[in-house]
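Undergrad: Listed below, chain by chain, are the residues.
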Amino acid sequence: MANTMAEIKNKMRVEGLDLYYGKFHALTSVSMPVQENKITALIGPSGCGKSTLLRCLNRMNDLIPGTKVTGQVMLDDQDIYGQAMEVTDLRKRVGMVFQRPNPFPLSIYENVVYGLKVAGFRNRKMMDEVAERSLKGAWMWDYVKDKLDQSALELPLDQQQRLCIARLLAIEPEVILMDEPCSALDPIATMKVEELMLELAKNYTIVIVTHNMQQASRVSDYTGYMLLGKMIEFNDTRVIFTKPKEKLTEEYISGKYG
Amino acid sequence: MKLVGEKGVRRILMTVAFSAISALLLITLFIINEGLPFIFRYGLKDFLLSSDWNPAAGKFGIFPMITASLWVTFGAMITGAPLGVAVAIFLSEYAPRPMMKVVKPTIELLAAIPSVVYGFIGVMVLAPFIRSYFGGPGLSLLAGSIILGIMILPTVISISIDSIMAVPRSYREGSLALGATTWQTIHMITIKASKSGIIASIILGLGRAVGETMAVIMVAGNSVNIPHSALDSVRTLTANIALEMSYATGMHRQALFATGVVLFVGIIILNSIASVALRKRTSKR
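Those sequence lines, one after another, are chains A and B.
Oh and the first sequence: position 34 is 34 in our numbering, straight run, nothing missing.
Oh and the second sequence: position 55 is 55 in our numbering, straight run, nothing missing.
Calculated directly from the structure, the hints in this document are not laboratory data.
List of simulated lysine-lysine pairs, BS3-like, C-alpha gap at most 27 Å:
| id | chain 1 | residue 1 | chain 2 | residue 2 |
| --- | --- | --- | --- | --- |
| 1 | A | Lys136 | A | Lys38 |
| 2 | A | Lys202 | A | Lys9 |
| 3 | B | Lys192 | A | Lys147 |
| 4 | B | Lys192 | A | Lys125 |
| 5 | A | Lys256 | A | Lys245 |
| 6 | B | Lys195 | A | Lys147 |
| 7 | A | Lys23 | B | Lys101 |
| 8 | A | Lys145 | B | Lys192 |
| 9 | A | Lys68 | B | Lys101 |
| 10 | A | Lys38 | A | Lys192 |
| 11 | B | Lys280 | B | Lys192 |
Please work from the sequences and hints to get the whole structure.
TA: Below, the structure is given as structure tokens:
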């Protein structure tokens with residue numbers, strides 16, 4: 001196992017990460033690799049720190065006052081908490097899809113090209129092309145191509161979530177973080193988003209937080225099980241779900257805990 | 001026993017509510033009853049568009065006062081609105097939460113300062129300043145605009161902060177997660193999403209500016225003329241009523257009530273626009 005993991009490139013690497021919200025020690029010396037063009041899932045009971053860990057990967061935790069982070073998070077060979085890293089650049093390279101679909105109160109088109117506008121692009125023709133490509137990439141072009149000027153808030157929930165993925169694809173991130181992206185969706189919509197994830201993994205590195213173990217086992221290549229701010233076990237998804245090494249993992253997987 | 005008590009309380013509260021509402025209604029009816037017949041008799045066009053205000057000669061044209069009120073209000077908007085919205089953005093988006101929690105109520109407290117105090121500061125500080133640096137009498141349209149601009153700040157800031165804070169956090173996070181800076185997020189998302197509330201705050205502030213009387217009388221100079229520059233002395237509609245009511249009789253008195261009707265209509269229009277804007281904001285959620 002260790003061999004196959006070493007062959008594939010580490011897109012990101014978390015090393016001895018500790019995080020405090022004020023006095024609360026939310027993550028304790030967490031380490032984990034994120035492999036390029038693979039789907040890495042983080043599972044664990046609510047409050048175990050999986051979302052917190054995910055939000056460390058694009059520094060969304062910076063927004064919460066009183067947060068302190070020590071340790072390293074490497075993106076390629078650069079520490080994202082280092083001096084040389086511009087947080088806006090980081091977030092363009094490591095994008096995020098949230099738990100609740102959060103399209104902006106703008107038109108569908110404006111949502112998709114938002115990231116480009118923020119990055120300073122103004123060329124309408126280029127933005128039209130990117131919008132079409134991104135919406136196609138999120139499998140919603142046919143559904144919205146005739147109503148690009150409509151408010152994004154009028155879309156059904158699953159299309160809203162796909163729009164959030166599309167607007168991320170528009171800025172061509174290297175890593176996509178997904179924080180329970182299906183928890184607001186019904187089973188059919190969930191299935192479609194999972195299929196989309198598998199498709200996206202061909203070109204993107206994906207990290208997903210999910211409370212749904214079946215989802216983790218269906219879509220991910222690697223899985224990390226977290227409990228009380230610690231990474232209990234990180235391994236190939238098949239290993240985690242068939243013969244976990246840790247007793248705690250086994251108890252969670254088999255439904256005895258959590 | 002308990003049920004009877006409940007009914008009794010209900011009846012008492014209802015009586016109180018109705019007497020309050022009927023007092024307001026009576027005042028409204030009284031103003032309209034005193035003012036409207038005059039407008040019909042004198043002619044709406046002559047009343048609103050003539051510049052000749054000479055009660056002794058039976059001339060009642062309030063055009064200069066309308067112009068003055070509009071200019072002073074416009075001036076208050078130019079000075080107060082950008083300042084107020086900027087303060088609201090700073091407090092809600094940049095300032096640490098504890099700071100906002102202290103500063104916002106303090107600013108709201110400014111609304112409790114009596115207008116005569118604002119006027120006094122205007123007379124003692126602002127008017128001499130304008131006189132020596134810009135010329136003119138000092139007591140002027142400019143002084144009125146600045147004082148009113150300051151007076152509408154609490155309204156603009158407080159309601160703007162409320163509507164900016166009502167913008168869901170998820171919009172901000174979504175924007176920042178796409179690599180936007182805080183300022184890009186503010187002007188591309190947050191302000192757009194809270195636009196109707198911000199506009200409502202400004203309009204409500206303007207409603208206050210149009211109706212303000214004491215401070216304006218003290219600082220605006222009160223000459224009946226159509227201003228040609230910001231340094232001219234002007235008399236607003238409110239000032240006109242307050243200055244002349246003590247000795248007005250007959251037609252003159254009715255003309256002042258009619259001036260009140262004009263003010264009343266103007267403020268109702270402003271407040272209706274504001275409440276439509278505010279309702280648009282709440283229905284979006």
